[in-house]
Amino acid sequence: MVGLWQIYCLFFKMGIFTFGGGYAMLPILQSEVVRKRHYVTEDELLDYYSIGQCTPGIIAVNAASFIGYKLRGLGGLLSATLGVISPSLVIIVLIAMVLRQYMDNQYLQWMFGGIRISVTALIINTVWDMWRKSVVRVRDYIVFAAAFGLMWCCGLSAALIVLLAAGAAFIPDIRRLKK
Amino acid sequence: MIYLLLFWEFFKIGLLAVGGGLVTVPFLFDLTEEYSWFDKRELIDMIAIAQSTPGPVGINMATYAGFNAAGIGGALLATLSEVLPAVIIVYYIAKMLKRWQDSPYVEKVLKSIRPAVIALILFAGLDVAKETVVDWQTAAVLVVLCAAMRLYKKSPFFYIAASAVIGLILKI
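Protein sequences, first through last, are from chains A and B.
Following my numbering, the numbering of the first sequence begins with 1 at its first residue and continues without gaps.
Following my numbering, the numbering of the second sequence begins with 1001 at its first residue and continues without gaps.
Next up, chain A with everything else stripped away, as it sits in the complex (with noise of 0.2 Å):
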């Protein structure tokens, strides 16, 4: 059984390496918790995100809350929240009080702006990885189409297209309508 402290810990580490929104969490997710250490299935991670998109709160919490009870109940779902919080805790605190001159730094600019590339490139190359995975049937092509068809031209919001392709589920496949 994994402990509650390697839980923590965990999520903590993957807390510092995450730069900007829940998605640039999903790669780390992806090879730590997935390829490495086989805690969660691709499937389940995606899952997770899919709920963490339609429920309240921050989709990177909610996703290591998911993990966190997956592999502890409670206690590991309250360990993997407090683990991913703790460094924006103490970064940011630190950020506030003594470095915030620091921030417009030259140098440092030049690795953030190094950073966001590579967060973009592990942001797309997870997509494919799951595109290769999950989108198989003619179904999933066409809801994958859709939703971003949604996105792009009515800008609609994550949790609406998520309760959308939900419904999708219920829509009988053609083929077996012909039968």
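Quick caveat, the hints were computed from the structure, so don't treat them as lab data.
Hints may contain errors.
Claimed, not checked - Coverage of chain B stretches by chain A, computed from C-beta distances (three or more under 8 Å per stretch; other residues unrestricted):
(1) 1004 to 1018
(2) 1029 to 1042
(3) 1057 to 1067
(4) 1070 to 1077
(5) 1083 to 1089
(6) 1116 to 1122
(7) 1162 to 1170
Beta carbons: idealized from backbone N, C-alpha and C, even for Gly.
Given chain A's structure and the hints, the job is docking chain B onto it.
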């Protein structure tokens, strides 16, 4: 009194902000009109800092806002209040999911949602790309990084550290 207000305001944000990243921003804008914890200019600074420091943006924003309002205690309280509603809700959903995960209906719905979530993630990725890829140099770095990630399955930590060095060398 300020602690009670902080708890209440950030609990509300945690309950009402559905989605990722910067969805808490409009709520924080509302706070600038009601309280004198921080003004709009400081909020914009906060967004910039929250985005370029480690940690999920939403959490960073709560910590920063809480600290500005009432010091370290405020930072702790605002952050914990913001995650509290999600912790409670996720706990019950995770419990239900465990009970129903073998139901064919749940499986069917989850299978249908997955392609849509992948589209959402791609969309968010392209949004980030618009901010980061500004010229030929940054575009080239992105392509090289993507190719490297496909060829060598190294951990994301490696690529984040490497890209910080690349940023320093190329002055991105």
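The hints, checked one at a time:
no.: 1; hint: 1004 to 1018; result: holds (count 5)
no.: 2; hint: 1029 to 1042; result: violated (count 0)
no.: 3; hint: 1057 to 1067; result: holds (count 7)
no.: 4; hint: 1070 to 1077; result: holds (count 3)
no.: 5; hint: 1083 to 1089; result: holds (count 5)
no.: 6; hint: 1116 to 1122; result: holds (count 7)
no.: 7; hint: 1162 to 1170; result: holds (count 8)
Hint violations for this structure: number 2 only, all remaining hints satisfied.
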